[in-house]
Each structure stands twice: as C-alpha cells, then as structure tokens.
Amino acid sequence: MTAVSDMVQGAGVVRKRTRLQRLKDNRKLWRGIAAVVIALVFWEVGSRWDQWFGFTLPFIGLIPPPTDVAVAWMSVLPQPGYWESWYLSFKRVLAGFLVAQLVGIPLGLALAVNRYFREFFFPVFEILRPIPPLAWVPASLIFWPTNEMSIAFVTFLGAFFTIVINVLGGARTIDISLLRAAQSMGATQWDMFWKIVLPGTLPSIFTGAAVGMGITWEVVLAAEMISGGGTQGGGGLGFFIWNSYMGGSLPHIVVGMISIGIAGYVSSSAIRWLGDWAMPWRRLF
Amino acid sequence: MSEINGASGRASGAIVMDGVRKGYGEDWSWQQVIESVSLDLPPGQFTAVVGPSGCGKTTLVNLLAGFERADEGSIAVDGRIVSGTSRDRMVVFQESALMPWLTTYQNVAFGPKLRGDMRGAALDREIDRLLNKVGLAEFKDKFPLQLSGGMQRRAELARAMINSPSIMIMDEPFRGLDAMTRELMQEFLLRLFEETGRTHFFVTSEIEEAIFLADRLVVLSNRPVTVRTVIDIELPRPREFHLLSTPEAYDYKREALEILHEEAMKSFGGGGSVQNELVEAIARRG
Numbered sequence: 030m031t032a033v034s035d036m037v038q039g040a041g042v043v044r045k046r047t048r049l050q051r052l053k054d055n056r057k058l059w060r061g062i063a064a065v066v067i068a069l070v071f072w073e074v075g076s077r078w079d080q081w082f083g084f085t086l087p088f089i090g091l092i093p094p095p096t097d098v099a100v101a102w103m104s105v106l107p108q109p110g111y112w113e114s115w116y117l118s119f120k121r122v123l124a125g126f127l128v129a130q131l132v133g134i135p136l137g138l139a140l141a142v143n144r145y146f147r148e149f150f151f152p153v154f155e156i157l158r159p160i161p162p163l164a165w166v167p168a169s170l171i172f173w174p175t176n177e178m179s180i181a182f183v184t185f186l187g188a189f190f191t192i193v194i195n196v197l198g199g200a201r202t203i204d205i206s207l208l209r210a211a212q213s214m215g216a217t218q219w220d221m222f223w224k225i226v227l228p229g230t231l232p233s234i235f236t237g238a239a240v241g242m243g244i245t246w247e248v249v250l251a252a253e254m255i256s257g258g259g260t261q262g263g264g265g266l267g268f269f270i271w272n273s274y275m276g277g278s279l280p281h282i283v284v285g286m287i288s289i290g291i292a293g294y295v296s297s298s299a300i301r302w303l304g305d306w307a308m309p310w311r312r313l314f
Numbered sequence: 015m016s017e018i019n020g021a022s023g024r025a026s027g028a029i030v031m032d033g034v035r036k037g038y039g040e041d042w043s044w045q046q047v048i049e050s051v052s053l054d055l056p057p058g059q060f061t062a063v064v065g066p067s068g069c070g071k072t073t074l075v076n077l078l079a080g081f082e083r084a085d086e087g088s089i090a091v092d093g094r095i096v097s098g099t100s101r102d103r104m105v106v107f108q109e110s111a112l113m114p115w116l117t118t119y120q121n122v123a124f125g126p127k128l129r130g131d132m133r134g135a136a137l138d139r140e141i142d143r144l145l146n147k148v149g150l151a152e153f154k155d156k157f158p159l160q161l162s163g164g165m166q167r168r169a170e171l172a173r174a175m176i177n178s179p180s181i182m183i184m185d186e187p188f189r190g191l192d193a194m195t196r197e198l199m200q201e202f203l204l205r206l207f208e209e210t211g212r213t214h215f216f217v218t219s220e221i222e223e224a225i226f227l228a229d230r231l232v233v234l235s236n237r238p239v240t241v242r243t244v245i246d247i248e249l250p251r252p253r254e255f256h257l258l259s260t261p262e263a264y265d266y267k268r269e270a271l272e273i274l275h276e277e278a279m280k281s282f283g284g285g286g287s288v289q290n291e292l293v294e295a296i297a298r299r300g
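Chains as they are written, first to last, in the numbering used here: chain Z, 30 to 314; chain P, 15 to 300.
One or more of the hints may lead you astray.
To be verified - Cut-off 25 Å, straight-line C-alpha distance, at most; resulting in silico cross-link-like pairs (BS3-like, lysine-lysine):
#, chain 1, residue 1, chain 2, residue 2
1, P, K127, P, K147
2, P, K156, P, K127
3, P, K280, P, K267
4, Z, K224, P, K156
5, Z, K224, P, K154
6, Z, K224, P, K267
7, P, K127, P, K154
FYI, nobody ran anything at the bench for these hints, they're computed from the structure.
Here chain Z stands alone, though its shape is the one from the complex (with noise of 0.2 Å):
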C-alpha cells in the first residue's frame, strides 16, 4: 500500500513544473505574441516599400509605419493628456453600460416573466430598438443640458437594447422542466424566480454584456469625435483621434486606434473574467 501511494507521489513531484517551465510551454501564448509580431513586421515593410524600393503599395503604403507609430506613442505616453482621454473614455464607457445593465437585466427579465407587461411594452421597444444610438444624437444633443449627459445617454442607448433582449431571450428559453421541477419541491413565484430563472438567465446575461460592452466604445468614441473638445463633454480617445487628423498627424491617429483596441480588450477579458466566476458550471472544459 505505502509503495504505490510512494510511486503516486514520485509521479506528482516529477510532473510539478516551475512558473518558467509552464510559460515555456505556453504554446497559445507564444503562438499569439509570434503573430502580432508577423503582422507588426508586414506592416512595418509595407509602409516603407516607398522608401526602400521605390514605389509606394497601395493601402499599407499610406499608413505609417509601426516604428513611426511607437515613436509618437512614446511622445504621449507621458503627457497627462493622453491618460486623461483614456479616463474620460473609460469613465463615460462603464457609466453608459452600468447604467444600461442596471435598467436593462430587470426590464429584461420583467418583460420575459410577465405576460401583460410584455404585451404592452414589447411592441414599444421594438419601434425603438433598431433605431441606431448615433441617430439618437442630435436629438439628445437638444435634450439635455450638457454635452456629457447627451454622450452618457447615447451610450446607454448601444447597450441597454443588445442587453435588454439578451435577458429576455436567454430567459424565455429556460427549460420548463427545470421551473416545473422545482415547483412540484415546493418553489413558490418567488422562490422559481431567483433561483431558476436569474441564474438560467445569467448565461446571456453576460453574452449581452460582451456585445453591449463593444457597442458602448463604438457609441462613445463616434460621440467624442462629434461632440469635438468644447469646455465640456470633450476630451476622451475619441476626440484624441479626431485632434489628431486636425493636426494632420497620421501616426498619433493610429496611437489612438491602437489605444481603443487595447482599452476594448481589457474591457471584454473583464467581462469574461466576471462570467467565468459567476458561472462555474460553464468553465468545466
């Protein structure tokens, strides 16, 4: 007995790996930084096919390349401007969500767990629903008082439809079985509501956050370019952009591209981060 539970844990410690080991062995990780760097090197040749053979390809040769790119970028990286577009992005980006998600999860399931509420309220919100949330800007422009509460209100209007009928799909397609089961166990309305269809729902819940989360930078960043750097409502990446295609500097316009990509990455691995540790049954392979 004591010798095969020896060999179990010979076998144990022979396959414990450092942290160095396992990052060598990291093979997505390194299958992922090889192919930014091969797309960073295409670029690079690309956009100076016209300086070192003489004639300029069409498309690639009028972006600038990534050196120059890296150059502007590390001009801005210390000015606090810079840091303050990506705030003021960011904190118009989770107000509009937050806001969206708090008004469109209960909206949501209301419409999916009642009836009457449904038939009355559906119809409403589906005129409104394909309205496109840029359309809604000059009229949200001469609504409210300030440029920041119209970029606020845009952006909650890109999230709260996606969110909306993701709750009330995922939740309307909960398997009766399930709420019947637990009816026949004694669940009361209340009961089959918390605990059959909130976390029933909580699968597209988070599908809707994923999608609203990228229609909330798309809304935010068109807002910013249009609302432009007035006293208020300016600033952010999207105005960074838009400064710099008035400035005529090609490179700073890529920065703040770059910079967008990089600030919706972060906000989509949180959101999945979030649903992988709200739903633990989901991350089973």
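Using the hints, position chain P against chain Z.
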C-alpha cells in the same frame, strides 16, 4: 422492507383517474389529446404506461403531476383530488431537468433547502445516503454537464427521492440513453422499487422495458387517448434481466404488441410519422 411506507405499514400513492379529458387550442383549432382515461391503480405498485409515441402520454403525466388541469374528470391520489403540484408526486423528466448551475449535491439538496424541512447535518447525512445508493457519492461536487447520461438520471432519481414522495412519476426517463446504460438503469430502478415499494407511474414507448419493470401495463390508444387495455404482469419478483427471454414475458409482449399494432394500423392510411415510427419499431423488434 418498505422504507417510506414501513412506518405506517400501509402503502400510499393510490391513483384514481376518473373520466379524464384534456385538449388544447381555440375552438377552431381544437385538438383533443385525451379522450377519456379512467384508471384505478392500487398503492405500492409499479404501473407502466405504453402507447404510440406522440399519443399524449406526457399530457397524462402533466395532469397527474399537477402541472396542468384536466378539462373534465378528476384525478385523485389517496383520495385527495389533484389540484396542483405537490412534493408527494415527483416527476423524473424525459430530458434531464437537473439545474445546470448546481452541483449534484446542491441539486439533491434543492427541495429540502427550499422548504427548510431538513437542514444541517441531518440533510448532509440523508444526501450522502441517497448519493451512495445511486452510486454518485464521488460525484457530489460535479456539475450535471460533467456527468454521463446515466449518472444524470441517477442524480435525478436521488433528487426526487429525497422529497420522499408517495408517487414517482417517470416520463420516459431512460430515453436517449445507449442500450447498455438503459439496461443497467432499468435494473437499478427495479432494485430501488423492490426495496422501497413506492408507487411508480412509469411512461415509456418501449414495451420490453415496461414488461420488465411493471406490475401492471396500461396500453393506451393512439390520439385522442383512451385506455385500450390493462394487463397484469404476473412475473415473479425480484426480477433479473434474463426474465425477458422467458416464454411468459414473450406472451405479455405479444399481447401488448398486437393491440399497439392495431392502434397503429387504424390511422396508418394517414401516413403520419407517428404511425410509421411505430410500425417500424414493431417490425424491428418482431
């Protein structure tokens, strides 16, 4: 011998269905699903209900469980009219109805925790006992998606049993399992039944399964449903799987098949897929 009825010494779970009718739709689209079903099922027995697939067996289950109400007629359990759901009538569903977000343990604990009638160490002990019984003690912290089909059904059996119902209602519970697992589950259920003597109302479209398990076999007609016949299966208990190859079992099977065949042929001209399925099934099984 009987763990649920042993205390009182009297079995519970007598089912009396009296002229039950049920249909769906508006006036212009009315579909009569259950024409008339009257049954008198004594307590402590295993009743298997067979009928052509799609005939309305699940509707009958929904009525008995109290998920739906009959249009006419009544269902009584131990003399009390069924007017809604009750923990006395637990259903094991066709597809797994375990909560995907709860572990095996949490799923089994769902009912008692909801009602608050069992808690703490007593609840833990009871769940451990049941999970041991269904062979899932090592899987108590796994989520349903991590269990095989057969394990999921056994977890569901445990979840139903912890509520100590007087009737276990099972709606084609082994459908979709592979043949081997299905056989094992049938034997497992048989052992549970023979151990507890709890009333079972077991719906299936497999005649052999029905004969192997049941004390009585209720053969339903095609839609709209009536009771074609009730056959008492007088095969000795405890049963073993080779029982199905005995001449007695074969006779029961032929008797039931003849009636089902007749039911299928009745509407065969219509060419409905339900009938085709049945005829195919009969041809395959001889």
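Pair hint K224/Z and K156/P, alpha-carbon separation not exceeding 25 Å: Measuring from Cα to Cα gives roughly 19 Å; hence the hint holds.
Restraint check for K156/P with K127/P, where alpha carbons must lie at most 25 Å apart: Cα-Cα ~19 Å, so holds.
Straight-line alpha-carbon gap K127/P to K147/P, limit 25 Å: holds, 21 Å
Pair hint outcome, K224/Z versus K267/P [Cα-Cα no greater than 25 Å]: At roughly 44 Å apart (the allowed maximum being 25 Å), K267/P and K224/Z break the hint.
Straight-line alpha-carbon gap K127/P to K154/P, limit 25 Å: holds, 16 Å
Hinted pair K224/Z and K154/P, Cα distance within 25 Å: holds, 19 Å
Holds or violated: K280/P to K267/P, with C-alpha atoms at most 25 Å apart: holds, 20 Å
When held up to the earlier numbered hints, the structure conflicts with hint 6 and nothing else.
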